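Engineer: First to last, the sequence lines map onto chains X and C. The opening residue of the first sequence carries number 1 in the numbering used here; numbering runs sequentially from there. The opening residue of the second sequence carries number 1 in the numbering used here; numbering runs sequentially from there.
Hints are computed from structural coordinates only; laboratory data are not their basis. Take these hints with a grain of salt, some might be off.
[Claimed, not checked] With a Cα cut of at most 20 angstroms, we get these calculated EDC-like pairs of lysine to aspartate or glutamate:
{"hint": "1", "chain 1": "X", "residue 1": "LYS35", "chain 2": "C", "residue 2": "ASP205"}
{"hint": "2", "chain 1": "X", "residue 1": "LYS201", "chain 2": "C", "residue 2": "ASP176"}
{"hint": "3", "chain 1": "X", "residue 1": "LYS202", "chain 2": "C", "residue 2": "GLU187"}
{"hint": "4", "chain 1": "X", "residue 1": "LYS201", "chain 2": "C", "residue 2": "GLU191"}
{"hint": "5", "chain 1": "X", "residue 1": "LYS35", "chain 2": "C", "residue 2": "ASP176"}
{"hint": "6", "chain 1": "C", "residue 1": "LYS229", "chain 2": "C", "residue 2": "GLU293"}
{"hint": "7", "chain 1": "X", "residue 1": "LYS35", "chain 2": "C", "residue 2": "GLU183"}
{"hint": "8", "chain 1": "C", "residue 1": "LYS319", "chain 2": "C", "residue 2": "ASP231"}
{"hint": "9", "chain 1": "X", "residue 1": "LYS19", "chain 2": "C", "residue 2": "GLU10"}
{"hint": "10", "chain 1": "C", "residue 1": "LYS181", "chain 2": "X", "residue 2": "GLU73"}
{"hint": "11", "chain 1": "X", "residue 1": "LYS199", "chain 2": "C", "residue 2": "ASP196"}
{"hint": "12", "chain 1": "X", "residue 1": "LYS204", "chain 2": "X", "residue 2": "GLU90"}
{"hint": "13", "chain 1": "X", "residue 1": "LYS199", "chain 2": "C", "residue 2": "GLU180"}
None of the values given here were measured: they were computed from a predicted structure.
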Amino acid sequence: MSGLRVLVGCKRVIDYAVKIRVRPDHLGVVTDGVKHSMNPFDENAVEEAVRMKQKKVAKEIIVASCGPTQSQETIRTALAMGADRGIHVELAKGEEDLQPLAVAKVFAKLVEKEKPDLVILGKQAIDDDSNQTTQLLAGLLDWPQGTMASVLEHSDGVLKITREIDGGLEDISVKLPAVVSADLRLNEPRYATLPNIMKAKKKKIEKMSVADIGVDVTPRLKVQNVVDPPVREAGDKVPDVSVLIEKMKEKGHLK
Amino acid sequence: LQTLADKVGEHGYTVPLDLGSRGSCFLGGNLATHAGGLRVVRYGQLRASVLGMRAVLPDGRILDSRSTMRKDNTGYDLKQLFIGSEGTLGVITDACLLLPHTPLSVNTALFGCPSFANVVECYRLARQCLGEIVSACEFMDSLCMTAVNENMALASPLDDNHEFYFLVEASGMNQDHDNEKLEMFVERVFEVGCADDGVMATSRDQATHMMGLRENIAPALKSLGFNYKYDVSLPIRDMYSLVEKTRVLLKNVEGSLTLGYGHVGDNNLHLNIVTPHYQAQVLELIEPFVYEEVSRLKGSISAEHGLGLKKANYLKYSKDTDLIETMRTLKDLFDPNGIMNPYKLLPWK
Numbered sequence: 001m002s003g004l005r006v007l008v009g010c011k012r013v014i015d016y017a018v019k020i021r022v023r024p025d026h027l028g029v030v031t032d033g034v035k036h037s038m039n040p041f042d043e044n045a046v047e048e049a050v051r052m053k054q055k056k057v058a059k060e061i062i063v064a065s066c067g068p069t070q071s072q073e074t075i076r077t078a079l080a081m082g083a084d085r086g087i088h089v090e091l092a093k094g095e096e097d098l099q100p101l102a103v104a105k106v107f108a109k110l111v112e113k114e115k116p117d118l119v120i121l122g123k124q125a126i127d128d129d130s131n132q133t134t135q136l137l138a139g140l141l142d143w144p145q146g147t148m149a150s151v152l153e154h155s156d157g158v159l160k161i162t163r164e165i166d167g168g169l170e171d172i173s174v175k176l177p178a179v180v181s182a183d184l185r186l187n188e189p190r191y192a193t194l195p196n197i198m199k200a201k202k203k204k205i206e207k208m209s210v211a212d213i214g215v216d217v218t219p220r221l222k223v224q225n226v227v228d229p230p231v232r233e234a235g236d237k238v239p240d241v242s243v244l245i246e247k248m249k250e251k252g253h254l255k
Numbered sequence: 001l002q003t004l005a006d007k008v009g010e011h012g013y014t015v016p017l018d019l020g021s022r023g024s025c026f027l028g029g030n031l032a033t034h035a036g037g038l039r040v041v042r043y044g045q046l047r048a049s050v051l052g053m054r055a056v057l058p059d060g061r062i063l064d065s066r067s068t069m070r071k072d073n074t075g076y077d078l079k080q081l082f083i084g085s086e087g088t089l090g091v092i093t094d095a096c097l098l099l100p101h102t103p104l105s106v107n108t109a110l111f112g113c114p115s116f117a118n119v120v121e122c123y124r125l126a127r128q129c130l131g132e133i134v135s136a137c138e139f140m141d142s143l144c145m146t147a148v149n150e151n152m153a154l155a156s157p158l159d160d161n162h163e164f165y166f167l168v169e170a171s172g173m174n175q176d177h178d179n180e181k182l183e184m185f186v187e188r189v190f191e192v193g194c195a196d197d198g199v200m201a202t203s204r205d206q207a208t209h210m211m212g213l214r215e216n217i218a219p220a221l222k223s224l225g226f227n228y229k230y231d232v233s234l235p236i237r238d239m240y241s242l243v244e245k246t247r248v249l250l251k252n253v254e255g256s257l258t259l260g261y262g263h264v265g266d267n268n269l270h271l272n273i274v275t276p277h278y279q280a281q282v283l284e285l286i287e288p289f290v291y292e293e294v295s296r297l298k299g300s301i302s303a304e305h306g307l308g309l310k311k312a313n314y315l316k317y318s319k320d321t322d323l324i325e326t327m328r329t330l331k332d333l334f335d336p337n338g339i340m341n342p343y344k345l346l347p348w349k
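One chain only, chain C, in its complex shape:
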């Protein structure tokens, strides 16, 4: 992904997808898993940027819908089936991607907030005041910040510890125009009082550092022990309540940490539990509790990470029987011999 970004960057374009693994992930995989990442809040989901594709079916036939047209309502949009299919329907070999122009002015700010409700308010103000220049909206709790500070040698730019942190990036084509919007946004945030403190990056290094705080949470947590990771979509106001409920559930588990962070702009929570070593009883406590909670709130048990092997059997928590059966019909149609990534995506138990 990084190589593609560098190449198109030379021509003044950017890829509408960005993730922490940009240095190692491949575009084909990004498409097959319908990767999410930091820029969904700005450019929409990846499938919206795919204009055309070539995929090879399990029987060897090639479905060629390569096109660079932005609008094409001719029949069923079959390429969309492959996006997010996790390799279970065919292999994507080519794609035509719509690229946005590289923004000329980028501003990054980090706020310290006393509650998650304040984070939601900051996000709302960001949408209201920054409007179309919003290019990232992330949050993390204090445990995540501490984990990154202590294990990744990245210090917090804020003086005090805060319960929650809200990171916002704004990208536009005109620095003066963006500055006006940013000033208004910052004034409103402190007027309303949804943040106790905040910093604005004044150099690219500072901006990279601030983004780094968010992007290094996963590696930081990995170094602390065994991670139980959940990636869910929830109504925005309920996002952190799941973390709190899980924390209560695990209060008697010694040495356990329950943390929450994620793409607050997409209502996407990354719930992480850390214990020094894997414990089956901990897993039994968490699952299916987390999935039941998400289902109850009508969220998604997998916002962007997909189902793979581990979550395939939990699909019923987000999709009803008719939907799952129809998916199975399609799978059998494309792959009657079951050679494409068996046991993935669709329930096998």
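Bound conformation, chain X alone:
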């Protein structure tokens, strides 16, 4: 194998450090004028692809993003980190609510077109926390999947993956082509250096619309209501167990 072609997905989301505010209509959160950045897990995905290229395991990195016009900035960041070229699936009016199944379908078409050996996505987006796209994409492609990857090693068309799961760490190996999702401990994403940001301007970003790809992206889920979590109330300290039991009985937690 003379080097893998890697397709990396990234999403433009509200910056992780921003204080989220619920919209007055309770159908979402305020996004206007709010700082956006690349989804942190996607940074890990891009970084891993770039490291594979530096190790000469990968020969080409294509970064793709589905989003509004500003998603171009996110793609440029990935290009500045070391991706070779970008694909921007620009969402039209009415398509903004792009859910995981739709994203997976779009990526399945991109895979058909670009024929990568490996797809790396971020484990989940920090705005919807779905953690579904990787799995759905693997299903659509009928490819093996390695999700929540914290270690990725390639040799001869086989990927050894360490997954972070509730019980601890799980080691699996999958045959390429495969879909992988990056977890936070996979690597430490590099800063995009300014000379690289300037060089990245010359790298190509192919623009296409959902219609061009020919995928039905109609949302299947409808958000009914978005509210702030209830304000945390002060706790109560009790001097001993008897008082504790009394209080629990009082509040109806014990019979």
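Chain X is fixed; fit chain C onto it per the hints.
Structural biologist: Chain C alone, transformed into the frame defined by chain X:
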């Protein structure tokens, strides 16, 4: 200060003052010491943002010049005397502060430069290309960066070590507008060649990290030994020469480190010398040498930290006899019994 910033932040405003001690410093103290900080380069000195004040005189009388008018040329502006008076004329109890709007787009960049002259050039380009959106311009030398990397567990975002680092923050109301200016600025920097490398923060976390490199120099140095700290204003091109001269002066002092960093946008150098333990002979070498140098270059022996106890007797290096005597006259007028912070600010020896 942090509490105030959070409160007004809820309404879309920001405090025109920001320092590393924001989590513990009080506004009254900030006013009495006329604190400087990171935002002077953008919002000007703190006294320019104080519209009104109430202060209690040593004899108990209350001087009430509270006002929210931006312009008020009615008589002598007495509140300005209290700002920076370090508690020697009275106690500030209320203040009316002019607040800017919270910027909507903030960008932070860090450059690695081979010489201080390059840092000055980067700063000049920042003013030229970014113009009014500049909101912080800081520099540090390689020793400072190493100290922070090794002692505060904060890594440099640049691959190599550089002799100097220039940190610039730009804040505006329109990200697209700012991006255009930033692109032009970055292109010019590399065209002119005043930086060898640089990074631009692409997320708030990265921006906080980069600012953190600058804000953690003081704690990093504290952990290395005894610090001799100097805060001076100098003509911008002479800022680092003082560090170099001091380093030469101390070349035979074993285990000593001479470092420089500071608000390059305000011509304000923080010169720091570190030795494993306090040594009187080191202090004798440094003082009054540093003050004499600053005086020779017509700078200020205390840019923002004030005089307090330690520098009160060196006031003559920045102010002549007539000025000091007039200050004494005012002090005696306000505080004839000398009850307000004796031995501070004015020379007592």
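Engineer: Tell me, which hint numbers fail for this structure?
Structural biologist: none
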